[in-house]
Amino acid sequence: MKTPDPAPRLDLAAIRARLNGARGQQYWRSLDEISETPEFKEMLQREFPNGASEWDDGVSRRSFLKMAAASLALAGLTACTKQPVREILPYVKQPEELVPGEPLFYATSMPLGGYATGVLAKSREGHPIKVDGNPEHPASRGASSIWMQASILDLYDPDRSQAFTHDGEISTWSDFIAELNEIAREQQTQHGAGLRFLTETITSPTLAAQLDALLKKFPQAKLHQFDAISRDNVREGARVAFGELVETQHRFDKAAVILSLESDFLYTHPQRLRYTRDFTDGRRVSGGKQEMNRLYVIESTPSVTGAMADHRLPLGSGEIEKVARRIASRFGIAANSASDTQDPQLESWVSAVVGDLEKNRGKSIIIAGESQPPMVHALCHLLNDKLGNVGNTLFYTEPAEFRPTNQLESLRELVQEMNSGAVQTLFILGGNPVFSAPVDFDFPAALPKVKRSIYLATDFDETAALCTWHIPQAHYLESWGDGKSFDGTVTLQQPLIEPLYGGKTAFEILGILFRQQPIRDDYENVREYWQSQKPGPDFKTQWRRAVHDGFIAGTALPEKKPGLKTEAITAALNSNKSGGAELELVFRPDPSVWDGRFANNGWLQECARPVTKLTWDNAVLVSPALAQRNQLTTDDVVELEFNGRKLRGPVWVQPGQAENTVALQLGYGRSRVGRVGRGVGFNSYLLRDSQSLWRSAGLKITRLNDRQHLVATQTHHNLHSPERQIYREGSLEEFRSDTQFVKKSLDQPANEDTLYNTDEYKYEGYKWGMSIDLTTCIGCNACLLACNAENNIPVVGKEQVNKNREMYWIRIDTYYKGPLDNPEFSHMPVPCMQCEHAPCELVCPVEATVHDHEGLNLQIYNRCVGTRFCSNNCPYKVRRFNFLWYADYKTPSFKPMYNPDVTVRWRGVMEKCTYCIQRISRARITAEKENRLIREGEIQTACQQACPASAIVFGDLNTPGSKVAALKTNPLDYAMLGELNTRPRTTYLAKLRNPNSEIENKPTASS
Amino acid sequence: METIQGSEPRLPAPDKPYPVTVLGYPAEMIGPTATYAKVSEQVAGIPLKHPNPKFWFIGFTIAFSLFLMLCGAVSYLIYRGVGIWGINIPVAWGFAITNFVWWIGIGHAGTFISAILLLLHQKWRTTINRFTEAMTLFAVMCAGLFPLLHLGRPWVFFWLLPYPDTMSLWPQFRSPLVWDVFAVSTYFLVSLMFWYLGVMPDLATVRDKAKTKWKKIIYGMCCMGWRGSAVHWQRHQTAYLLLGGLATPLVLSVHSVVSFDFSVAQLPGWHSTLFPPYFVAGAIYSGFAMVLNLLIPIRRIYGLQNLITTRTLNNMACVTLATCWMVVYGYIMEAFTAWYSGDPFEKHMMWDRAFGAYGWVFWILMLLNCVIPQLLWSRRVRTHDIALFFVALSANIGMWIERFVIVVQSLHNDFVPSSWAMYIPTKWDWITLFGSIGLFLMLQFLFIRYVPMISISESRELIAQRKEGQL
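Each protein sequence line maps, in turn, to chains A and B.
Mapped onto my numbering, the consecutive letters of the first sequence carry residue numbers 1 to 1007.
Mapped onto my numbering, the consecutive letters of the second sequence carry residue numbers 1 to 471.
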């Protein structure tokens, strides 16, 4: 830590003035860049530790990996490619479907937040190497989230828990079985009075059946559920509105106007992938379609969804209810909004939104976020009903969850019982409640009061340390299971590999507890359940079909028509009190580590968070106005005081944040975690009590005389003038009046403007190209992590990212435009442009980067000597250099993770996006064997495959009717920095926004 | 006031014991009391008798320590990789390339003095050419080190050479880095031959004067059996002139090629037609500054004022000032072109150069390279060796900073703002830079200790010419 010095202040007032005075389109990247004050520049220089050497920074990633290797050696682990016991396919028999060197794909499912998403896992020679969405599965449609892509690293994580422990001593499965039998005997006599189960949200039918049976066998036992990122507000909102628990299923593809009240439905919603696909389908302007949906977002801290908004209103999380009531009252609902203060600017915003909703009756969606109180959800139900949206753009179903409950109350009750000594045996099935339970419950203190606590988890974490028994949990790629997706579709989970560390599943534990003999494994448990559900002679066929497909088609929950209790809602509204203007604190799941469960995942830690672009850290997000008022700058360490609890963390000034909102991401500062997550960030749960799960007012913020450097992949940048032909955007109106408006703003040399022979080389065979749609890109990082998994891209660590040496082949640039308090956000994924006139190629002295006959710009790793001239001459700076030994060759458990089709690059070699050339080669081989050309759609690059927004399209430009060729003729198509005449094969479709002409995008009234 | 080609007018000065030039400088290229015997004794005496050993040992120890640091830094570099330096993406070239260009530039003064001034019959070069040629060699050695070390995989550097490998792979001849290989290796070989040819007769003199057996044997072997016969001299002179002719284009071509490393790229701040002449002028500028920095202390310590006269210093100072202005012209044109082009990237680059994050470096560069050398307009500064030393030092550091600004500042703010980043040198960058200076000085010390550092034969020629009244 550097000696604290008087931190230079950003003159936010001057920045604001400057932005207000700016004419035309002006993009800015960060607060740094628009400040341009001498103090800032001074700070910029001081921010970096001068002369810092890479070995000065504590435990480096490299030494970590050394330790990882050593610890594995000690653990006696020698090989990791153990095949699952069931359905093993030995090579000697050479089963038809398994050819060495050919990948096999298995449909399985990934659980997160209780809900299952269907995935296709790719296996090579018996080890899973990549996870992608299952195109058939309704919750995925082939798309991926970053967590799906990164889950492969979790599987091979050498820091996963590898042993049963009992009172801190290493134990065995058979000892544990004995213990389970003992528990069963003991609880049998007292009807399970001392028996409690604490689980996360459950959708698994098998687990549900097991728990049902157990609760029947032990009638006095109780089930509690708790998820740190819970959907309690959604459930309670439905309960208020309908008197029962129902789930809302939205159809964003059918909506013309969407109003989100702090709902991040594109990123944190359980149905995120499907919703993204639907939302972007409704947004894409192509062919003759000149319509796009319009998104209004009111939120306190910028989210992925907020960044996509046509009109975004930064508003304190506690103020949003007032706006909701205001909107409701416009629709004739007695929403008791008269007492709220009138704010003319807000009023005009609301009027415009109401007008738009009015015009689009039956074609709109109003959705509230998990962080909003139940009343807002209830109002949304009411409004959707009023607008005639129910049955059109949304419908209701039963919840897919097993025994949906108010999880906060459920946990509160459990903790009370634990403290009173009523709980003798507690099964905690995942979730890490010691870390994530509300701080006022003091779960860590209550847990030791339980005689026997049994904890099943993949990691030996904070909870494991306090439990009497810890059982290593099998990863979802290691075990059988089932679950339901958000819409209720039953999704099956099959393993691709035998548990690497002998992990067990909840099915096995509960199975033994319920029925001691014979001991059934996860497969038997799951299969037995389904057999009992679908008895009959054709069960075997059905089972094979379901396992093969990964889900049972047609099991989505049927539509339900619950009765709306309008009076109950309005009555509840009347009792509501309005929040004050004090500082509010909001909690958000981290865009990368979620609730903390992914804290030991290097890929997720290193990928730049959407919007902030922070890596390897969380931060106290404050608004520019608040920063100005309290004399704060990014990197200042502040003390937050809330309800008598104190927490320290570095500040990140986030444009677009609501003025009086301070946002904290959860999941960092883990105290018991593997080596990757250790010492990363601060623990926001320490301020999160049961009264303020999402939001609470009354925060005090004090600047301390200390600084902590936050590392973002894009910060220290200067003004980006529109003269630079990088980002192009316009409004739908502009596009309608002149479809060529993008082309007109460019200065692109014609192909004929050359002294050389333009016919020198014609691409007559395949001609690969890519098109990236900036309108639909939501900036979710899925492409980045898919690329990472596909191409064996190493993690470099915080200190190397700080030196701008991150290795990701595709990056997502985020630009801001407009006022500081409420800017517009623009995302731009940047892979290698595969230029036809590639500047990198002619400067390489050893011909390590060359052009092929299909227009690919190839990088030949084993020829590269590492002069780095190619990178210097690349105007897009998409080349990545392996400055140190970044790839991990040593850790045994990582070896089976690497994609065998892609070289693991060594030190001193340049690398970059290849358009997934290994996939092109594979398709070419298949096509040539069949004596045909590669078909359209046969090759998908990893980024394209993962993209939930279908924003990336790759293909052959010479195939008539190919999707990418059509997109290149789209009037919105433009080349980034086209004036340099590099003739990139990757081009962009300019971003279209669909603003409401009645709203002028101005700073909020408060500033 | 008779003059012949290549000499300058000599006027009698009433108040001085020696003749002066039109402008009033000492006109002597060689001390008035120098005789054949004295020159031989004085110059050959340094390697043979090792006068002033304390200075030598202290100096050599410092240089050698720095050299050992370089060895350590290079070992660690090969062990860990170029990531120990501050380079990153976008600034993929840092100190290594800066040092390379700087050292190559320094070498240029030697070739300029020995080849171009030889062909131009500038006799004042006679007493300094040996020393500067040696400096060229050592500077090129230091320079040559960096392109190798900066490679990600230095052990396969030979892939840049056109050799018949089993895969029939050749270097990529469109890349300026390949041109560099040829330019620098040619330069080194020609410089080496030129220098060795020149030093041969003097090694024979040392052999003849040597008192001990081993010295006789070693120097005898090194002078390759030189007997000083007329045939030897005739062939020597022919070869010397020929090599001089060969070296002359190299003065212009080598640094032009080095400048292509930048100007061929399309990066704003690099992509400029101005670069070749601008780099050559800068090279000669920094080279002369380095010669002054080395010669001024040595001249004092070994009492060589009678051979390296004030007039010689003055002439060198004049060349320094002239090249300084060429460089200044380069700076002005660079800014002008950026403005005149209307290119947003070029304009931003120029703005950022002066007022961006590295702005302070730029203004130090302006001070050291453009402002301080203007002191050389003053005759008193030019003829005052200590003042001259510091002005030269300023130009030397300034030229290093200029290379740094070109390499680093242009890269750190290029086309796409999202990729912009700072380059901060690490301690390994600094150790390598100072280590290379250590290597250079170490070689320089070995040279003055074991080889006659002033051309005895050519100095004696000067005396002869003076006797014949041709000087």
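Derived by calculation from the structure, the hints in this document are not laboratory data.
In this text, all values refer to a predicted model and were calculated from it rather than measured experimentally.
Be aware that one or more of the hints could be misleading.
FRET-style restraints, in silico, Cβ to Cβ [to be verified]:
#	chain 1	residue 1	chain 2	residue 2	range
1	B	Ile364	A	Gln290	39 to 47 Å
2	B	Leu68	A	Lys895	34 to 42 Å
3	B	Ala335	A	Lys744	28 to 36 Å
No more than 27 Å apart at the CA atoms, straight line, and that leaves these computed lysine-lysine pairs for DSSO-like [what the hints assert, rightly or not]:
#	chain 1	residue 1	chain 2	residue 2
4	A	Lys743	B	Lys427
5	B	Lys427	A	Lys66
6	A	Lys817	A	Lys743
Glycine included, every Cβ here is placed at the ideal spot set by N, Cα and C.
We went through each hint and held it up to the structure:
1. Checked against the hint of 39 to 47 Å, the C-beta distance between B/Ile364 and A/Gln290 comes to roughly 57 Å, which is inconsistent with it.
2. The hint said 34 to 42 Å for the Cβ distance between B/Leu68 and A/Lys895, and at roughly 40 Å that hint holds.
3. Restraint check, B/Ala335 to A/Lys744: a C-beta distance of roughly 32 Å satisfies the suggested window 28 to 36 Å.
4. Distance restraint check for A/Lys743 and B/Lys427: the Cα-Cα separation of roughly 49 Å exceeds the 27 Å cut-off, and the hinted pair is therefore not satisfied.
5. A distance of roughly 24 Å separates the Cα atoms of B/Lys427 and A/Lys66; the hinted pair therefore holds under the 27 Å criterion.
6. About 21 Å separates the Cα atoms of A/Lys817 and A/Lys743, which keeps this hinted pair within 27 Å; it holds.
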